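*Asks:* First to last, the protein sequences are chains H and B. The first sequence begins at 0 in numbering that gives the first Met the number 0 and counts up by one. The second sequence begins at 0 in numbering that gives the first Met the number 0 and counts up by one.
FYI, nobody ran anything at the bench for these hints, they're computed from the structure. Check each hint, because a few of them may be wrong.
[Claimed, not checked] Only pairs whose alpha carbons sit at most 20 Å apart, straight line, appear in this in silico SDA-like list of lysine to any residue: (1) Lys192(B) / Gly364(B); (2) Lys192(B) / Glu60(H); (3) Lys12(H) / Gln2(H); (4) Lys257(B) / Thr146(H); (5) Lys24(H) / Glu187(B); (6) Lys147(H) / Ser106(H); (7) Lys378(B) / Ile390(B); (8) Lys150(B) / Leu160(B); (9) Lys192(B) / Tyr62(H); (10) Lys24(H) / Tyr169(B); (11) Lys22(H) / Lys192(B); (12) Lys157(B) / Glu20(H); (13) Lys139(H) / Gln144(B); (14) Lys10(H) / Ala147(B); (15) Lys442(B) / Gly93(H); (16) Lys121(H) / His360(B); (17) Lys22(H) / Trp209(B); (18) Lys257(B) / Gly281(B); (19) Lys442(B) / Asp428(B); (20) Lys78(B) / Asp165(B); (21) Lys24(H) / Glu190(B); (22) Lys139(H) / Glu140(B); (23) Lys10(H) / Gln55(H); (24) Lys139(H) / Asp36(H); (25) Lys192(B) / Tyr68(H); (26) Lys12(B) / Ser275(B); (27) Lys22(H) / Gly210(B); (28) Lys378(B) / Ala437(B); (29) Lys311(B) / Asp452(B); (30) Lys442(B) / Trp432(B); (31) Lys139(H) / Ala136(B).
Note that the structure is predicted; figures quoted are calculated from it, not measured.
Here are the chains, one letter per residue:
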Amino acid sequence: MVQFSEENLAKVKEIIARYPEGKQKSALLPLLHLAQDNFGGWLSAETMDYVASLLQIEPIEVYEVATFYSMYNTKPVGRYVFEVCQTGPCMLNGSDNIIEYISKTLSIQPGETTADGLFTLKTAECLGACGYAPMMQLGKHYREHLTKEKVDAIIAECRSAAAANN
Amino acid sequence: MAKATQLNTMGRKLLLEKADVEGIRFYDVYRREGGYRSVEKALKTMSPEEIVEEVKKSGLRGRGGAGFPAGMKWSFIAKPEGVPRHLVCNADESEPGTFKDRYLMEFIPHLLIEGLIVASYALGSHATYIYIRGEYAWIPEILEQAIAEAKANGFLGKNILGTGFDCEIYVQRGAGAYICGEETALIESLEGKRGNPRIKPPFPAIKGAWGRPTVVNNVETLAAVVPIINEGGDEYAKIGVGKSTGTKLISACGNINKPGVYEIDMTISVEEFIFSDEYCGGIANGKRLKACIPGGSSVPILPANLLLKTAKGETRYMNYESLSDGGFATGSMMGSGGFIVLDEDQCVVRNTYSLARFYRHESCGQCSPCREGTGWMEKLLLRLEKGEGKISDIDLLWDIQSKIEGNTICPLGDAASWPVAAAIRHFRDEFEWHVTHAAEAQKRNYGLAHYADPIHVPA
Chain H
0 MVQFSEENLA
10 KVKEIIARYP
20 EGKQKSALLP
30 LLHLAQDNFG
40 GWLSAETMDY
50 VASLLQIEPI
60 EVYEVATFYS
70 MYNTKPVGRY
80 VFEVCQTGPC
90 MLNGSDNIIE
100 YISKTLSIQP
110 GETTADGLFT
120 LKTAECLGAC
130 GYAPMMQLGK
140 HYREHLTKEK
150 VDAIIAECRS
160 AAAANN
Chain B
0 MAKATQLNTM
10 GRKLLLEKAD
20 VEGIRFYDVY
30 RREGGYRSVE
40 KALKTMSPEE
50 IVEEVKKSGL
60 RGRGGAGFPA
70 GMKWSFIAKP
80 EGVPRHLVCN
90 ADESEPGTFK
100 DRYLMEFIPH
110 LLIEGLIVAS
120 YALGSHATYI
130 YIRGEYAWIP
140 EILEQAIAEA
150 KANGFLGKNI
160 LGTGFDCEIY
170 VQRGAGAYIC
180 GEETALIESL
190 EGKRGNPRIK
200 PPFPAIKGAW
210 GRPTVVNNVE
220 TLAAVVPIIN
230 EGGDEYAKIG
240 VGKSTGTKLI
250 SACGNINKPG
260 VYEIDMTISV
270 EEFIFSDEYC
280 GGIANGKRLK
290 ACIPGGSSVP
300 ILPANLLLKT
310 AKGETRYMNY
320 ESLSDGGFAT
330 GSMMGSGGFI
340 VLDEDQCVVR
350 NTYSLARFYR
360 HESCGQCSPC
370 REGTGWMEKL
380 LLRLEKGEGK
390 ISDIDLLWDI
400 QSKIEGNTIC
410 PLGDAASWPV
420 AAAIRHFRDE
430 FEWHVTHAAE
440 AQKRNYGLAH
450 YADPIHVPA
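Using the sequences and the hints, build the whole thing.
*Replies:* Below you can see the structure in the form of structure tokens.
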């Protein structure tokens, strides 16, 4: 069953308190981030229903928001999600080559996850790192000035982190 | 290209002057360097109305892209009895080419918090929100730490500096939607909904977040309130030229030697900005300048000749008026300050396709001209880029963009139309070449062509 820890429930309470009385729905985006971080990197129907119950809103109000914003995954993703920016300035600096290289190296197309469940490759639209292109988002942080060598190093880093945590 | 003039302007810096000071991210250093003086001055010696007046006098224009006078925007806020008002900081920086607010929040977060406190006092906001794009996932912690430090030192919370003014600042992350940079979409998102822009009026100043009077300002705009209060609106207005007062952050990217965030005082020429070592350091890899999108992806792209000189043959400067000189026929816009440079080997068709894909992805889908039109433009541009297009596709693109523009609830429709229109307006021969030389266009780019040729100015 989907259930936040006591610590996260306290966090939920603190988030809801940021908004006017009776406007707890405003906490929806932060709560979906918290839920995605805590329940496997994606939002299942069960997770979304749980968030709806916490905010005392209808499940449909959660679904329509979760499907609108690109950062919420409504399907399972790999443990490491490579979100490579492909918009204008990144494209001018070779993002297409980086996407192609990752695709070839991991044998997956954008939108796909490797068979071992370790990596998902996604293309992203402008992430606000145009001066440090090409780049990708990996979890909470950006990896910038990407080269093939850097991509190799990032993949190796993820593999060893995964091995260490298993 | 003529050798760049190496003018050493030593332009004034108001926002990033201290950005390199070791430890400036933290309260103690920021305070030691003179931080939070504007809060003391504003809350202890000025009325809210006097602050609005100073901001009006400063001539500060919204730094998010629209360039609307900030003081005037503040003066519109309704003050019905017993209804709370809110200030919301727009940190949803998502316009391709723009990464200045990120820099400011990451490296000198207290400057934003300081500006927010003064602005909150001026507007009567006791609960102020920073809405930051979700992908900047590591920045909320930086901001929240700055907020906690400010609070611990009496600059936030109850009875700030003993003046009786209460204020809290909260940070909310978005979740990946360019449209939430539009202020009414941002408000919807803040309320926990899809980011669908609202029909205006009512404007947020009357009915904003939770139906309450709300002002939404960009990060850089709010940070600029600090020097305005410290030095006075009149002093601030002396910097710059005409209606381009103060300093502006420019995030420079694309094919240049020194991409990054620069603070300029809006009196330097575009040529100096691109070629001087103080700023972009010239075109990367010794190549030549082909084109530039000077104010974020939405603003018209200009070929090198029209970028450096106006159609009248005058020097073009990095300010609101000069960048828009000539209107859309021969000019562009300052926009958000996202400065994207294309070298001679870049393909304008491909670049336009990339931007069209962005707008299709980011259209909220509410208005049919935008929802359908952005996807249609993307398809046509991809076809042309792949050498499978027809000449009539170029005319069709023109037709579609003209039917999106002005026919949508929010400016995303315009933002999607302008790049396509400007690319065809100035680079039509390159689009046609993709049709007439389809096979060749798959192997090489059109190149610099005549885009950097001197402008013919009729006598």
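*Asks:* Work down the list of hints and note, for each, if the structure agrees.
*Replies:* Evaluation of the provided hints:
Of the pairs offered as hints, the one joining Lys192(B) and Gly364(B) holds, with about 14 Å between alpha carbons and a cut-off of 20 Å not exceeded. At roughly 8 Å between alpha-carbon atoms, Lys192(B) and Glu60(H) fall within 20 Å of each other, so this suggested pair holds. Restraint check for Lys12(H) and Gln2(H): the C-alpha separation of about 14 Å stays at or below 20 Å, so the hint holds. For the given pair, Lys257(B) sits about 18 Å from Thr146(H) by alpha-carbon distance, which is consistent with the 20 Å threshold.
Under the criterion of a C-alpha separation no larger than 20 Å, the hint pairing Lys24(H) with Glu187(B) is consistent with the structure, at around 11 Å. Using a Cα cut-off of 20 Å, the hinted pair Lys147(H) and Ser106(H) holds, with the two alpha carbons roughly 15 Å apart. In summary, the hint linking Lys378(B) to Ile390(B) is supported, as the alpha carbons are separated by about 15 Å, within the 20 Å threshold. For a cut-off of 20 Å, the pair hint linking Lys150(B) to Leu160(B) stands: about 10 Å separates their Cα positions.
Between Lys192(B) and Tyr62(H) the CA atoms are separated by roughly 10 Å; this keeps the pair inside 20 Å, and the hint holds. For a cut-off of 20 Å, the pair hint linking Lys24(H) to Tyr169(B) stands: about 16 Å separates their Cα positions. Distance hint between Lys22(H) and Lys192(B) is fulfilled; the C-alpha atoms sit about 12 Å from each other, no more than 20 Å. The straight-line distance between the Cα atoms of Lys157(B) and Glu20(H) is roughly 19 Å, inside the 20 Å bound, and the hint therefore holds.
At most 20 Å may separate the alpha-carbon atoms for a hinted pair to count; Lys139(H) and Gln144(B) meet this at roughly 17 Å. Using a Cα cut-off of 20 Å, the hinted pair Lys10(H) and Ala147(B) holds, with the two alpha carbons roughly 16 Å apart. A threshold of 20 Å between alpha carbons decides the hint, and for Lys442(B) with Gly93(H) the separation of about 16 Å falls inside it, so the pair holds. Restraint check for Lys121(H) and His360(B): the C-alpha separation of about 14 Å stays at or below 20 Å, so the hint holds.
A threshold of 20 Å between alpha carbons decides the hint, and for Lys22(H) with Trp209(B) the separation of about 8 Å falls inside it, so the pair holds. Taking the CA atoms of Lys257(B) and Gly281(B), the gap is about 8 Å. The hint holds against a cut of 20 Å. The straight-line distance between the Cα atoms of Lys442(B) and Asp428(B) is roughly 17 Å, inside the 20 Å bound, and the hint therefore holds. Taking the CA atoms of Lys78(B) and Asp165(B), the gap is about 17 Å. The hint holds against a cut of 20 Å.
Using a Cα cut-off of 20 Å, the hinted pair Lys24(H) and Glu190(B) holds, with the two alpha carbons roughly 6 Å apart. Proposed proximity of Lys139(H) and Glu140(B) is supported: the alpha carbons are some 11 Å apart, at most 20 Å. Proximity of Lys10(H) to Gln55(H) is assessed by CA-CA distance (about 17 Å); at most 20 Å being required, the pair is judged to hold. Taking the CA atoms of Lys139(H) and Asp36(H), the gap is about 10 Å. The hint holds against a cut of 20 Å.
Pair hint Lys192(B) plus Tyr68(H) holds up; C-alpha atoms about 10 Å apart against a cutoff of 20 Å. Using a Cα cut-off of 20 Å, the hinted pair Lys12(B) and Ser275(B) holds, with the two alpha carbons roughly 17 Å apart. At roughly 11 Å between alpha-carbon atoms, Lys22(H) and Gly210(B) fall within 20 Å of each other, so this suggested pair holds. For the hint pairing Lys378(B) with Ala437(B), the CA-to-CA distance comes to about 17 Å; that is within 20 Å, so the pair holds.
The hinted pair formed by Lys311(B) and Asp452(B) meets the criterion: a straight-line CA distance of about 14 Å does not exceed 20 Å. Taking the CA atoms of Lys442(B) and Trp432(B), the gap is near 13 Å; set against the 20 Å cutoff, the hint holds. Restraint check for Lys139(H) and Ala136(B): satisfied, since their Cα atoms lie roughly 5 Å apart, inside the 20 Å limit.
Violated hints are absent here; each numbered hint is respected by the structure.
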